[in-house]
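Starting from the known structure of chain A, fit chain B onto it as the hints suggest.
Chains A and B supply the protein sequences, listed in that same order.
When you line the first sequence up against our numbering, it's residues 3 to 187, in that order.
When you line the second sequence up against our numbering, it's residues 5 to 250, in that order.
Certain hints may be false.
Claimed, not checked - Straight-line alpha carbon distances no greater than 25 Å define the calculated BS3-like cross-link-like pairs of lysine-lysine that follow: (1) LYS229(B) to LYS241(B); (2) LYS167(B) to LYS74(A); (3) LYS13(A) to LYS167(B); (4) LYS68(B) to LYS13(A); (5) LYS217(B) to LYS241(B); (6) LYS225(B) to LYS79(B); (7) LYS198(B) to LYS225(B); (8) LYS217(B) to LYS198(B); (9) LYS168(B) to LYS146(A); (10) LYS158(A) to LYS63(B); (11) LYS63(B) to LYS13(A); (12) LYS79(B) to LYS68(B); (13) LYS167(B) to LYS158(A); (14) LYS146(A) to LYS167(B); (15) LYS82(A) to LYS63(B); (16) LYS146(A) to LYS17(B); (17) LYS167(B) to LYS164(A); (18) LYS74(A) to LYS63(B); (19) LYS68(B) to LYS217(B); (20) LYS17(B) to LYS164(A); (21) LYS82(A) to LYS217(B); (22) LYS169(A) to LYS17(B); (23) LYS164(A) to LYS74(A); (24) LYS65(A) to LYS63(B); (25) LYS146(A) to LYS158(A); (26) LYS13(A) to LYS168(B); (27) LYS17(B) to LYS176(A); (28) LYS164(A) to LYS146(A); (29) LYS74(A) to LYS17(B); (30) LYS158(A) to LYS168(B); (31) LYS241(B) to LYS223(B); (32) LYS198(B) to LYS167(B).
No lab work stands behind these hints: they were computed from the structure.
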Amino acid sequence: MTDLELILSIKNDANGGLEEVYRAFREEFTRWMMRYAHCGEETAREYYQAAILILYDNVHQNKLEQLQSSLKTYLFGIGKNLVRHDYREDKRRQIAGAEYHLLQFIETHTQVQQVDQIEVVSRSFHQLGEPCHSLLDMFYYQRKHLEEIAEQLHYKNTETAKNQKYKCMERLRKMTETAMAQWKP
Amino acid sequence: MENRLQNIDWIEKYLNRGLTPDETAWLEMRLESDAELRALYQERLKLIEGIRLAHLQNKLTYLKNLDEALQRDQKRHRLFSVHWKTAAVAAGMIGLITASILIFRQPDAVELYTTYFEPYPNLFEPIVRGQQGEDPRALAFAAYSAGDYSEARIQFHKLLVIKKEADVLLLLGNANLILGHDGEAENNFLTILKEFSELHSQAKWYLAMCYLKRGELEKAKIVLKELERPDASYSEKSADLLNQIQ
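The following block holds chain A by itself, in its conformation from the complex (with noise of 0.2 Å):
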């Protein structure tokens, strides 16, 4: 496949394309990088998976669509990145795994002031249920256009799609908030 092919197939097929381009180049990277970061096997991997769910959210976030160098290039760049991180933050480098890199990697990204609360919506989230949690992920990350996301959840139309939302919305809000009153000292 070729690097446009592979950035495709991310944007199109949640894990298909996400396989194709993890198994691509999951040993050169791993082994590039336990020379690079003078590391172990298992941290190298941490750093592959980190630098993996990067580049995903990058294509997801059109960040790709005029890619200067090869992918893999810019692969092995968001590596080096984490690294680099890693070694200013020496502090917290003992702990760093993939779940560590992809919460700064959010954290550095975003005009959230209170960043420590995304993490909060995000616990809430994965306990919000169905068919909120597909409608929002589907409408917020994946970009869809209510029009597909009423035909794919089988709403009547896209004005009771918008709708729901709305209201998954305001359930989301309002778990976070109860979590974060339960969180705050």
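Structure of chain B alone, referenced to chain A:
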């Protein structure tokens, strides 16, 4: 209420870059001067970023499952290499007659199927304990993950009546292979190849497994050769298996 809904609409269009330059300037001006609107904007952004983080966390779980499956494959590959070397030394010691028998012996397709077949893991629908409820999709994938292939097959059939999806077909094909419905399994994999643009490598690999199970070595070879290309996901495994067959 009406005002809040309208403001949410404006904010969402702004975040999706769906406003004209004039509308954008107007909203940005309002965001600077109107504290209530600014708070609503921050709240909306926080919810959307939380959804984004949750989506990526799900994908991370998916990647970790995938990685475990790949590691299992690698271990089996290494184990096979060791066995092969041991067998080669033993064959040398036994002598020419035994060696010639080994060379001219036709590989046993079913044996190869048993060695190489491993059900495709459920990487599509993360199973969250207690969240299946009555959702047929969650029930189907949970049954598959639990190894209850009969139940999974029933639920996958129900899903396909509503909508044909490649991931459902792939796992249904696997369940069919395990349960002995080989003809249906073949159809499942062929449907993915004909009607979808995704999961082709996986469908081809399991189609080859299906042919092996039925003893159709030549058909399996044709499919495996397509997978042997260096850029294909299953190239290493396919090359291994082709060596065995040939």
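When you check the alpha-carbon spacing of LYS167(B) and LYS158(A), does it fall within 25 Å?
holds, 17 Å
Does LYS164(A) pair with LYS146(A) here, judged by a C-alpha cut-off of 25 Å?
holds, 12 Å
Quickly compare the C-alpha distance for LYS17(B) and LYS176(A) to 25 Å and report which way the hint goes.
Cα-Cα ~23 Å, so holds.
Satisfaction of hint between LYS74(A) and LYS164(A), Cα-Cα up to 25 Å
It is violated: about 39 Å lies between the C-alpha atoms, which goes past 25 Å.
Does LYS217(B) lie within 25 Å of LYS68(B) when you go C-alpha to C-alpha?
violated, 30 Å
Just to be careful, I want the Cα atoms of LYS158(A) and LYS63(B) compared with a cutoff of 25 Å; is the pair within it?
Between LYS158(A) and LYS63(B) the Cα gap is close to 30 Å, so the pair fails against 25 Å, i.e. violated.
Would the pair LYS146(A) and LYS17(B) pass a check requiring their Cα atoms to be no farther apart than 25 Å?
Roughly 14 Å between the alpha carbons, so the hint for LYS146(A) and LYS17(B) holds.
So if I understand the rule, the pair passes when the alpha-carbon distance is 25 Å or less; does LYS198(B) with LYS167(B) pass?
The given pair, whose Cα atoms are some 16 Å apart, holds under the 25 Å limit.
Holds or violated: LYS68(B) and LYS13(A), Cα atoms, limit 25 Å.
holds, 20 Å
Hinted pair, alpha-carbon criterion (25 Å max): LYS217(B), LYS198(B). Please report holds or violated.
holds, 22 Å
Does LYS17(B) lie within 25 Å of LYS74(A) when you go C-alpha to C-alpha?
Not OK: LYS74(A) and LYS17(B) at ~34 Å, beyond 25 Å, violated.
Given the hint that LYS169(A) pairs with LYS17(B), does the C-alpha gap stay at or below 25 Å?
holds, 18 Å
Hints 2, 10, 19, 21, 23, 29 from the earlier list are contradicted by this structure; the remaining hints agree with it.
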